[in-house]
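So the sequences go chain by chain: A and B. If you read the first sequence in my numbering, its first letter stands for residue 1, the second for the next number, and so on. If you read the second sequence in my numbering, its first letter stands for residue 1, the second for the next number, and so on.
If you're looking for bench data, these hints aren't it; they were derived computationally from the structure. One or more hints might be untrue.
Copies of one chain are not kept apart here, so a pair can be met inside one copy or by any two copies together.
List of simulated lysine-lysine pairs, DSS-like, C-alpha gap at most 30 Å [what the hints assert, rightly or not]:
hint: 1; residue 1: Lys89; residue 2: Lys265
hint: 2; residue 1: Lys289; residue 2: Lys248
hint: 3; residue 1: Lys89; residue 2: Lys155
hint: 4; residue 1: Lys57; residue 2: Lys265
hint: 5; residue 1: Lys24; residue 2: Lys265
hint: 6; residue 1: Lys248; residue 2: Lys89
hint: 7; residue 1: Lys289; residue 2: Lys155
hint: 8; residue 1: Lys251; residue 2: Lys114
hint: 9; residue 1: Lys248; residue 2: Lys6
hint: 10; residue 1: Lys89; residue 2: Lys289
hint: 11; residue 1: Lys248; residue 2: Lys57
hint: 12; residue 1: Lys289; residue 2: Lys251
hint: 13; residue 1: Lys24; residue 2: Lys289
hint: 14; residue 1: Lys24; residue 2: Lys248
Values in this document were obtained by computation on a predicted structure and should not be read as measured data.
There are 2 protein chains.
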Amino acid sequence: MTNLEKIAFVGVGRMGANMARRLKDSGFTVAAVYDVHTPAAQELAQELGGTVATELKTVTASADVIITVVTDDRAMKSIFTGGLLTGAKGKLFINCATVTPAIHEWVQQRCQAKGAQSLEACMASSITQARQGTLYLMCGGEREAFDRALPILEKLGTSPRYIGAAGKAAQVKALVNMVMNANTAALAEGLGLGDALGLDLTMLREVFSQTGARSGVLQTDGEDMQNRDHACFFSAAHAAKDSGIALKLAKAQHLNLPLAAATKKQYDRMVQAGLGGLDKSGIAELTFKGRGKGVGTGN
Amino acid sequence: MTNLEKIAFVGVGRMGANMARRLKDSGFTVAAVYDVHTPAAQELAQELGGTVATELKTVTASADVIITVVTDDRAMKSIFTGGLLTGAKGKLFINCATVTPAIHEWVQQRCQAKGAQSLEACMASSITQARQGTLYLMCGGEREAFDRALPILEKLGTSPRYIGAAGKAAQVKALVNMVMNANTAALAEGLGLGDALGLDLTMLREVFSQTGARSGVLQTDGEDMQNRDHACFFSAAHAAKDSGIALKLAKAQHLNLPLAAATKKQYDRMVQAGLGGLDKSGIAELTFKGRGKGVGTGN
Chain A
1 MTNLEKIAFV GVGRMGANMA RRLKDSGFTV AAVYDVHTPA AQELAQELGG
51 TVATELKTVT ASADVIITVV TDDRAMKSIF TGGLLTGAKG KLFINCATVT
101 PAIHEWVQQR CQAKGAQSLE ACMASSITQA RQGTLYLMCG GEREAFDRAL
151 PILEKLGTSP RYIGAAGKAA QVKALVNMVM NANTAALAEG LGLGDALGLD
201 LTMLREVFSQ TGARSGVLQT DGEDMQNRDH ACFFSAAHAA KDSGIALKLA
251 KAQHLNLPLA AATKKQYDRM VQAGLGGLDK SGIAELTFKG RGKGVGTGN
Chain B
1 MTNLEKIAFV GVGRMGANMA RRLKDSGFTV AAVYDVHTPA AQELAQELGG
51 TVATELKTVT ASADVIITVV TDDRAMKSIF TGGLLTGAKG KLFINCATVT
101 PAIHEWVQQR CQAKGAQSLE ACMASSITQA RQGTLYLMCG GEREAFDRAL
151 PILEKLGTSP RYIGAAGKAA QVKALVNMVM NANTAALAEG LGLGDALGLD
201 LTMLREVFSQ TGARSGVLQT DGEDMQNRDH ACFFSAAHAA KDSGIALKLA
251 KAQHLNLPLA AATKKQYDRM VQAGLGGLDK SGIAELTFKG RGKGVGTGN
């Protein structure tokens, strides 16, 4: 364990912080952390024994590998034009945010121009998996960057998967979330209507699980929809964003995807009603009778 | 095996015929079969050694238990007003078609008025399962009727399930199919967009299966969508009908279900384009670039 590369983090929200904890537990040095929300960075640095960076160039200077877990396209652009590439030669940037696939290509070009490497590492899992090191990681970029990142990726996830060129993993991730979100919206409708008909929802979920209605989201979100337990693992706002990314890709391909569009509309309604911070299972608040006061009836 | 009740069938399409074969294999006497499409009934009667009934009252006279597997509400109404209840006292009618829940209540009332019993036995499986006796059966009606039917149901399915009063099983079935159809439509969109983006679909299906995008229809329909193998197990026309039943239930409850509505629209488009006879997986013909010529682009 002597040749481990030093790590720094940009973006230590719930995902990023748990990934940092996991790597620290696995023997890595988390040399610096940075977050636009400074108190979060301070707390985590104290916990993990690293420093809080207040400038992006300090982050890059402090480590060999910089892991970025920011919120969206805008944040990605802003860190990579805002100092993160200062003194970046020889460094590896691993980018874990779910962003538009084209952003990953743009980041790779900028990194390569500075003599740095970049890898997109899209995560199709959530906070618990981040802490336990069981993330499902889909990677895109140069094969060489993937190989260099592997000792780190293997501590974060069970079997990191190389998908292809930069942006390809983000495409796959967008498709995963698009389908997952639609299945979630459909499940909420099924349980909502079942509830309105006076059916026992525990029975109904069991029948779903034994028939063609079964799905991953039935396992992860079904009981929460029934119990209105919408503590956030993957927010409705993120669901709206991710379905939106997929719909943009579809538009560019002149494809009409009515289910994805209907799903995005539902998650947009949640955001508009101030429910964007609920877990994606909160979409059931739109489809159960007597729930979701003030959410409006849609169209 | 001496006290087995004699059985007759009304409706021997692919499902009904295979159920009859299975019961014959299991030691039951299939005394008579009836179908509006007479040649189908003649062939099956010859195969199973029963008689072809040309009148509904003959079906009822020939057996203790009459299993009906007809296509829709109209067909159910027409057989139960068209002679099937003549001499029905003491007989048991097991009704397996997917029809509007209210029809099952109506059938039960008519049967009870004649001193007969009725049971709805909704099937959430397909032709192969019918032949093998592994149907997933959801039953609604009087408990007594369920108990009487059990020796037969146990040969048709693995663990027949008593759901509740007449119509309740049909409600659950409608919900199962509504969610299944929406998941199918969403999967077709995910694979269609993946294909347009040049992603390897075998890889994409594997990623789906390991992430939140996993579902029953991914297992049953994913590969078929990729290979355009739409040999019919559960037709697009049936999918349109079943989602329609669920949407009517929702309307009566003043619930707005946009995913179910978008799904029905897609299956309606298939029917309008003359593709209603394809398997439900054929919905991928609407979402893959370069497929489905003449299907129109939707809206």
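Consistency of the hints with the structure:
| no. | hint | result |
| --- | --- | --- |
| 1 | Lys89 / Lys265 | neither (43 Å within a copy, 54 Å between copies) |
| 2 | Lys289 / Lys248 | between (32 Å within a copy, 16 Å between copies) |
| 3 | Lys89 / Lys155 | within (25 Å within a copy, 71 Å between copies) |
| 4 | Lys57 / Lys265 | neither (40 Å within a copy, 53 Å between copies) |
| 5 | Lys24 / Lys265 | neither (40 Å within a copy, 51 Å between copies) |
| 6 | Lys248 / Lys89 | neither (34 Å within a copy, 63 Å between copies) |
| 7 | Lys289 / Lys155 | neither (44 Å within a copy, 39 Å between copies) |
| 8 | Lys251 / Lys114 | neither (33 Å within a copy, 60 Å between copies) |
| 9 | Lys248 / Lys6 | neither (37 Å within a copy, 60 Å between copies) |
| 10 | Lys89 / Lys289 | neither (58 Å within a copy, 42 Å between copies) |
| 11 | Lys248 / Lys57 | neither (33 Å within a copy, 60 Å between copies) |
| 12 | Lys289 / Lys251 | between (34 Å within a copy, 12 Å between copies) |
| 13 | Lys24 / Lys289 | neither (47 Å within a copy, 46 Å between copies) |
| 14 | Lys24 / Lys248 | neither (37 Å within a copy, 55 Å between copies) |
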